[in-house]
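Enquirer: In case you want the letters, here they are:
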Amino acid sequence: MEWLAQQLAPGLIYPTAGAILFALGLYGLIRRHHLVLRVLALNIMGSGVFMVLLGIAARGEGPPDPVAQALTLTGIVVAVSATAFALALVVRLARITGQAMMLPGPPDDDAPVDDISREEHAPSTEYERERRE
Amino acid sequence: MSDLLLVVFDLVLLVGLLGVAWRCLASTDLFRAVVLFITFGLLLALAWVRLEAPDIALAEAAIGAGITGALLLVTLERLRSIAVERRRGRPDEPPDPAGADALLHALHDPPPPRRTFVPALTFALVVGGLMVTALWHQPDAVGLEPVVDEHMGVSGVDHPITAVLLNFRAYDTFLELAIVLIALLGAWSLGRYDRLPARPAPGPILPGTLRLLVPVAIVTGVYILWAGSHAPGGAFQAGAILGAAGILLVLARPRDLPMAPSTPLRLGLAAGVGLFLAIGIIGLFIGPGLLGYPPEWAYPLIIVIEVAATLSIALTLVALFIAGRPAGDDH
Amino acid sequence: MTVFYLGAALFLLATILLGLIRVLRGPGSGDRMLAAQLFGTTGVTILLLLSLTLETPALVDVALVFALLAVVAAVAFVRQHGLPEPSGTPIHQRHGQKKEPDDDR
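Protein chains in written order, with this note's numbering: chain E, 1 to 133; chain C, 1001 to 1331; chain P, 2001 to 2105.
None of these hints come from the bench; they were simulated from the model.
Every residue, glycine too, gets a C-beta built ideally from N, C-alpha and C.
Hints are supplied without guarantee of correctness; some may be wrong.
[Unchecked claim] Here chain E is said to cover these stretches of chain C; the calculated rule only asks that three of the stretch's residues, wherever they fall, bring their Cβ under 8 angstroms from a Cβ of chain E: (1) 1070-1084; (2) 1112-1123; (3) 1267-1278.
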């Protein structure tokens, strides 16, 4: 029982969960195409990092490490402003190209047909017309 | 007994967090992903509480509940309106008043192609596995807590995190304010603000709610700013709360966004960085060094910096929410 | 008493996880958003209970901020969805199908 409680101390399970969150966000970042989802994935990765930092800071006896907490606070504010900027970029991209997806490369490459995002983007958007000229 | 309950609480919370993050990133419907992300923020605040970090929980509450949710929702609204405009403007097809098709694709991400599954999973597993292994083998360290504790006397404040943020590691905070400002400049460089699609004039409920809420939010923001010198709180949390109040006011406008006159707005946006730097340079001559203060002056100087930083952060967050520089000052 | 508070917090956390079903299933965006708003209220209660058990009075401030700002997302939502449910949500498009093929992977 005591052994189990030791293994499940916040200083251990929270950093582990943080690492899993980071990996999960990374997975989503690679796989999803819509840029808003990619921004969300990046945010989840960031939250994982914060959780690792704070989890390690909370280890051991006594009050947690204030420097790690201050660092995380700084990180949260930077993350939210970076998110706002990224979303502004996504909206701008959508205005120019007509979609908020990662563009899957030039139209003449031999990407497999099952790539739905590519099919959707084939109809002539401004961006496409510019590229073909 | 209560220890056991806390362990169960931790486990349920973490399973919930991971589950919500997973479903969020697996959503094909973007709106659902955003709502799940808002829920994720709430659970995250609870996790910060369990990690003895009430300051972070406060920031997460203000930013997660007040800023990010609204920001994501308004982004979806903008994407949808762009899709509708394009749909209407396509010459070779009859205009579709609902723009249903375009709407569907604007806020919908098809399931990812199967060929990325194995590489993405392998990569994530390797990275996550390495992190977990490293964390499990990391020796316990005391950290910097004793050092901070020892120097609290010269910091000018009673709350260790505020002392670290505004005195011991002031350059972090200074550069952070600069980054927030640069993010706004980046957003402004993309063009003037987008008019949001026509909104119905608010009914009686919204203005009534705002009349009640915005003053309370302002009082709370000032209180959190004041609390920062001796308890969890401070400039970021206060700035985020005031920014959320500003976002509420922006949302209440029927169509046009309120924009302050250009010069006061810019001065307010730069006040945090500017004042911080000015005081920091003065410290170079009469104090212990760049961004340092003489101990007897530390408290008033920290308060001045914090007030300016709160104002700048609040204004910047509202401006980032509006995205795009104010109309009518292109020169 | 601590045990009681903790048990109550745990129970409320479980209701949040249960409420996630509404967020995941929908069907309308209103259902999802309303569930998230409910989580906000539950979260405030959990914070207050934790503040008592962990003896951290600062958590009351966190609860206050949550209670105050939960309305921002709701206002952002009703301002864009002030009209009837937008026809753009995937649910509406596939009306008549038994189950969304890719929505619940």
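Enquirer: Look at each hint and say if it fits the structure.
Expert: Results of checking the hints against the structure:
1. Judged by the Cβ-Cβ criterion of 8 angstroms, the segment 1070-1084 of chain C is covered by chain E as claimed, because 8 of its residues qualify and three suffice.
2. Only when three residues or more bring their CB closer than 8 angstroms to a CB of chain E does the claim for the segment 1112-1123 of chain C stand; here the count is 10, and the claim holds.
3. Against chain E, the segment 1267-1278 of chain C contributes 0 residues with a C-beta closer than 8 angstroms to a partner C-beta. That does not satisfy the three-residue criterion, and the hint is violated.
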